[in-house]
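Letter by letter, the chains look like this.
Protein chains: 2
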Amino acid sequence: MTTRRSSASPFQLPQWAIRLARSQHSLFLSKESRMRFVIALASTNVTRGTGGPFGAAVFERTGWRLIAVGVNLVESTRCSHAHAEMVALANAQQTVGRFDLGAANFPAHELVTSCEPCAMCYGAIPWSGIRSVLCGARASDAEAIGFDEGAKPKNWVAELKSRRITVTRDLCRKEATAVLQEYQQRGGAVYGARWG
Amino acid sequence: MTTRRSSASPFQLPQWAIRLARSQHSLFLSKESRMRFVIALASTNVTRGTGGPFGAAVFERTGWRLIAVGVNLVESTRCSHAHAEMVALANAQQTVGRFDLGAANFPAHELVTSCEPCAMCYGAIPWSGIRSVLCGARASDAEAIGFDEGAKPKNWVAELKSRRITVTRDLCRKEATAVLQEYQQRGGAVYGARWG
Chain A
10 MTTRRSSASP
20 FQLPQWAIRL
30 ARSQHSLFLS
40 KESRMRFVIA
50 LASTNVTRGT
60 GGPFGAAVFE
70 RTGWRLIAVG
80 VNLVESTRCS
90 HAHAEMVALA
100 NAQQTVGRFD
110 LGAANFPAHE
120 LVTSCEPCAM
130 CYGAIPWSGI
140 RSVLCGARAS
150 DAEAIGFDEG
160 AKPKNWVAEL
170 KSRRITVTRD
180 LCRKEATAVL
190 QEYQQRGGAV
200 YGARWG
Chain B
10 MTTRRSSASP
20 FQLPQWAIRL
30 ARSQHSLFLS
40 KESRMRFVIA
50 LASTNVTRGT
60 GGPFGAAVFE
70 RTGWRLIAVG
80 VNLVESTRCS
90 HAHAEMVALA
100 NAQQTVGRFD
110 LGAANFPAHE
120 LVTSCEPCAM
130 CYGAIPWSGI
140 RSVLCGARAS
150 DAEAIGFDEG
160 AKPKNWVAEL
170 KSRRITVTRD
180 LCRKEATAVL
190 QEYQQRGGAV
200 YGARWG
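Protein chains in written order, with our numbering: chain A, 10 to 205; chain B, 10 to 205.
Everything labelled a hint here was simulated from the structure, so no lab data went into it. Among the hints, erroneous ones may be present.
Facing chain B, a subset of chain A residues (Cβ under 10 angstroms, in silico) [to be verified]: (1) Ser18; (2) Ser32; (3) Gln33; (4) Gln102; (5) Cys127.
Below 27 angstroms or equal to it, Euclidean Cα-Cα: the simulated DSSO-like pairs (lysine-lysine) are [said to hold, decoys possible]: (6) A/Lys163 x B/Lys170; (7) A/Lys170 x B/Lys163; (8) B/Lys163 x B/Lys40.
Keep in mind the model is a prediction, meaning the values are calculated, not measured. Don't be surprised by glycine CBs; every beta carbon is placed ideally from N, CA and C.
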C-alpha cells in the first residue's frame with residue numbers, strides 16, 4: 010500500500026486501521042480476497058470498539074494493490090458522513106492526490122464494501138471516479154439489525170451502470186452479514202433517520 | 010455565529026468564508042434572508058476562484074442563528090465529497106459537537122442550499138439530523154450548465170418527508186441560477202460522472 014497520507018485527509022482512521030493497511034504488501038488478485046479484507050476491517054472495527062460494523066477499501070485495478078481503507082467512524086469523528094465507503098473514497102483521493110479516481114491516463118479503481126452502499130454512499134460513487142463496486146451484505150441485512158439505509162432509486166445498479174460503473178453483489182454475503190449480527194449481539198449503537 | 014470550530018472539521022473552508030461566517034451577528038428570520046446568504050456564498054466562491062458555484066449553510070431553527078457555512082471545495086480539497094451541503098453539514102456537526110443535528114432535547118436545524126441537493130447530498134440529509142431543507146436553483150438548472158446531479162429517487166421530496174424532513178424548493182431560484190450561469194460564462198470547471 011502507498012503509505013503517503015495527506016494531513017488534509019478528511020477522516021482520521023484509528024491507529025489499528027492505519028497499521029493494518031500499511032502492512033498489506035501482497036496483491037489482492039481475487040474478488041474474494043478483497044472482500045474478506047474489508048469484512049475483516051468491519052469485524053475489527055467492532056471488536057476494537059472504534060465504530061459501526063462496516064468496512065471498505067479502494068484497490069487499483071491494474072495490479073490490485075490496496076490504495077486506501079475505510080471503516081465506519083460516525084461516532085468518533087462526530088460526522089454523519091463518515092461511513093466506511095466515504096472514508097475509503099476520501100482517503101484514496103488523498104493518497105493519489107486527485108478528486109477523480111477515474112481520471113484519464115491513470116489506473117482505474119474499485120470500491121469494495123462489506124455492505125451495499127446506503128443512499129449517500131451510492132450517490133457519492135459516480136463523483137469519486139470509481140469504476141467498479143463489490144458489495145458483501147445487502148442493505149436489507151443492515152436493515153435487519155436496525156440500520157436505515159435510506160431510499161436509493163430502485164434501479165440503482167442500472168443507474169451506476171449507465172455511468173460506466175459495474176456492481177457485483179452478494180460476494181461472501183454470509184460472512185459479511187455475520188459481522189452485522191455480531192455487532193447487534195454486542196449491543197452496538199444503531200442510528201439512522203427519524204420516521205414519520 | 011458560534012466561532013468554535015474543531016480542528017477535526019473534515020473540510021477546511023477558505024479564509025474569506027470563515028471571516029464572512031464569523032461576521033454574521035444578525036438573526037436570519039426570513040427564508041429569503043437565509044437563501045440570499047447562501048447565494049452570496051456561492052457567488053463569492055466563484056469570484057474568489059475557490060470552487061464551484063454552490064453555497065450552503067446550517068441554521069438553528071429556534072432563533073435562526075447561523076451555525077455553519079459550506080461552499081463547493083471539490084478541487085481545493087481533492088475530495089469529491091466536498092459539495093457545499095456536505096461541507097456545511099460536517100462543519101455544523103463539528104460546531105455543535107454531535108453527529109446528529111436532530112438529537113432529542115437540542116434545537117432543530119435547517120439546511121439551506123443554493124441548489125437542490127445531488128444524489129449524494131440528498132442521501133446524506135437523513136443521517137445528519139437536519140429537519141428542513143430550503144433549495145434555490147433546481148438540479149435541472151445545474152445540469153443546464155453541464156453538471157451531473159446524479160439519480161435521486163423520483164419521489165425524493167416525499168422520501169425525506171417520510172423521515173420527517175420538510176423540503177421547500179424554488180426559493181429565489183432566478184438569483185441562484187444566475188450564479189450558475191456566471192460560473193459557466195467564466196469557463197469554470199464542470200465535472201461529474203462518465204456516461205454510457
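Structure-based check of all given hints:
1. Ser18: Since the shortest Cβ distance to chain B is 9 angstroms, the answer is holds.
2. Ser32: violated, 26 angstroms
3. Gln33: Where the cut-off is 10 angstroms and the nearest Cβ of chain B is about 23 angstroms from A/Gln33, the hint is violated.
4. Gln102: Given a least distance of 5 angstroms, the restraint on A/Gln102 holds.
5. Cys127: Holds, because the Cβ-Cβ distance from A/Cys127 to chain B comes to roughly 6 angstroms (cut-off 10 angstroms).
6. A/Lys163 x B/Lys170: holds, 18 angstroms
7. A/Lys170 x B/Lys163: Holds. A/Lys170 to B/Lys163 sits at ~18 angstroms (cutoff 27 angstroms).
8. B/Lys163 x B/Lys40: holds, 25 angstroms
Of the numbered hints stated above, those contradicted by the structure are hints 2, 3, listed in ascending order.
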